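K.L.:
As they're listed, the protein sequences go chains A and B. When the count follows the numbering used here, it moves up by one through the first sequence with no breaks and lands on 137 for the last residue. When the count follows the numbering used here, it moves up by one through the second sequence with no breaks and lands on 153 for the last residue.
Hints listed in this document are in silico derivations from the structure and should not be mistaken for laboratory results. Possibly wrong hints are sitting among the right ones.
[Unchecked claim] With a straight-line cut-off of 25 angstroms between C-alpha atoms, the simulated DSS-like cross-links for lysine-lysine are:
hint, chain 1, residue 1, chain 2, residue 2
1, A, K79, B, K40
2, A, K123, B, K110
3, B, K107, B, K40
4, A, K123, B, K40
5, B, K40, B, K110
6, A, K123, A, K79
7, B, K107, A, K123
[Unchecked claim] Some residues of chain A that are not near chain B, with every Cβ distance over 10 angstroms (derived):
hint, residue
8, T36
9, R37
10, I48
11, F82
12, R85
13, F91
14, S92
15, N93
16, R95
17, N99
18, G106
19, V136
[To be verified] Stretch by stretch, here's where chain B covers chain A in the computed footprint (C-beta under 8 angstroms, at least three residues):
hint, region
20, 53-65
21, 120-132
The model shown is predicted, which means the values in this text are computed figures rather than measured ones. For each residue, glycine too, the CB sits at the ideal point set by N, CA and C.
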Amino acid sequence: KAGVTQTPRYLIKTRGQQVTLSCSPISGHRSVSWYQQTPGQGLQFLFEYFSETQRNKGNFPGRFSGRQFSNSRSEMNVSTLELGDSALYLCASSADTSLAKNIQYFGAGTRLSVL
Amino acid sequence: AQKITQTQPGMFVQEKEAVTLDCTYDTSDPSYGLFWYKQPSSGEMIFLIYQGSYDQQNATEGRYSLNFQKARKSANLVISASQLGDSAMYFCAMRGLSYNTDKLIFGTGTRLQVFP
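Please model the entire structure based on the sequences and the hints provided.
P.N.:
What follows is the structure in structure tokens.
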């Protein structure tokens, strides 16, 4: 079974541009979550999608948005990029959130550098 | 509010020795899950072990075990017989179970280095 796939793996953008990151969850998984990892702030929750609906959102500005498609694939978009958006963006998928022992499996991440 | 605290920024251990990585947590949620993930330099977060707040026994997964002390709000990871490939960042995380969400709260991590 293929794992969580994130594309692209690396991205370089300049301030003011926008970027779209993609995540394909494990087959059969319907829940997708996104996290931002930086040296200063650590791992922070961005948002969570289930059945094409945003179920939860972290404390990030409106420049950060996401969506989920009917096949559970998800994209996140960051508009008007700032230097502080440079980070590793991790996507995770899970099978059944109603279970207590519901494990999130992560992709390898997209490393975004904003110049 | 939920919080995870990992007080050891870095740890060293000799190959084949055991090591304990500390994790304390704080939550008002009566039901929660605790997770440990390993992050090698490649970046991917690898799930290691899970402990539910109502589980009576400490979780074990191969060389990994979780020393869960609910009254102390601690969930320490024990790695037995360390291997060179265990060198990585280790994160403790928590998920509240009262609401239907996958949101994980992470600690700041511990960098483990295993030497020959």
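K.L.:
For each hint, tell me whether it holds in the structure or not.
P.N.:
For each hint, the structure was consulted:
{"no.": "1", "hint": "K79(A) with K40(B)", "result": "17 angstroms, holds"}
{"no.": "2", "hint": "K123(A) with K110(B)", "result": "19 angstroms, holds"}
{"no.": "3", "hint": "K107(B) with K40(B)", "result": "15 angstroms, holds"}
{"no.": "4", "hint": "K123(A) with K40(B)", "result": "19 angstroms, holds"}
{"no.": "5", "hint": "K40(B) with K110(B)", "result": "11 angstroms, holds"}
{"no.": "6", "hint": "K123(A) with K79(A)", "result": "22 angstroms, holds"}
{"no.": "7", "hint": "K107(B) with K123(A)", "result": "17 angstroms, holds"}
{"no.": "8", "hint": "T36", "result": "23 angstroms, holds"}
{"no.": "9", "hint": "R37", "result": "24 angstroms, holds"}
{"no.": "10", "hint": "I48", "result": "12 angstroms, holds"}
{"no.": "11", "hint": "F82", "result": "13 angstroms, holds"}
{"no.": "12", "hint": "R85", "result": "20 angstroms, holds"}
{"no.": "13", "hint": "F91", "result": "18 angstroms, holds"}
{"no.": "14", "hint": "S92", "result": "19 angstroms, holds"}
{"no.": "15", "hint": "N93", "result": "19 angstroms, holds"}
{"no.": "16", "hint": "R95", "result": "17 angstroms, holds"}
{"no.": "17", "hint": "N99", "result": "20 angstroms, holds"}
{"no.": "18", "hint": "G106", "result": "18 angstroms, holds"}
{"no.": "19", "hint": "V136", "result": "18 angstroms, holds"}
{"no.": "20", "hint": "53-65", "result": "holds (count 5)"}
{"no.": "21", "hint": "120-132", "result": "holds (count 11)"}
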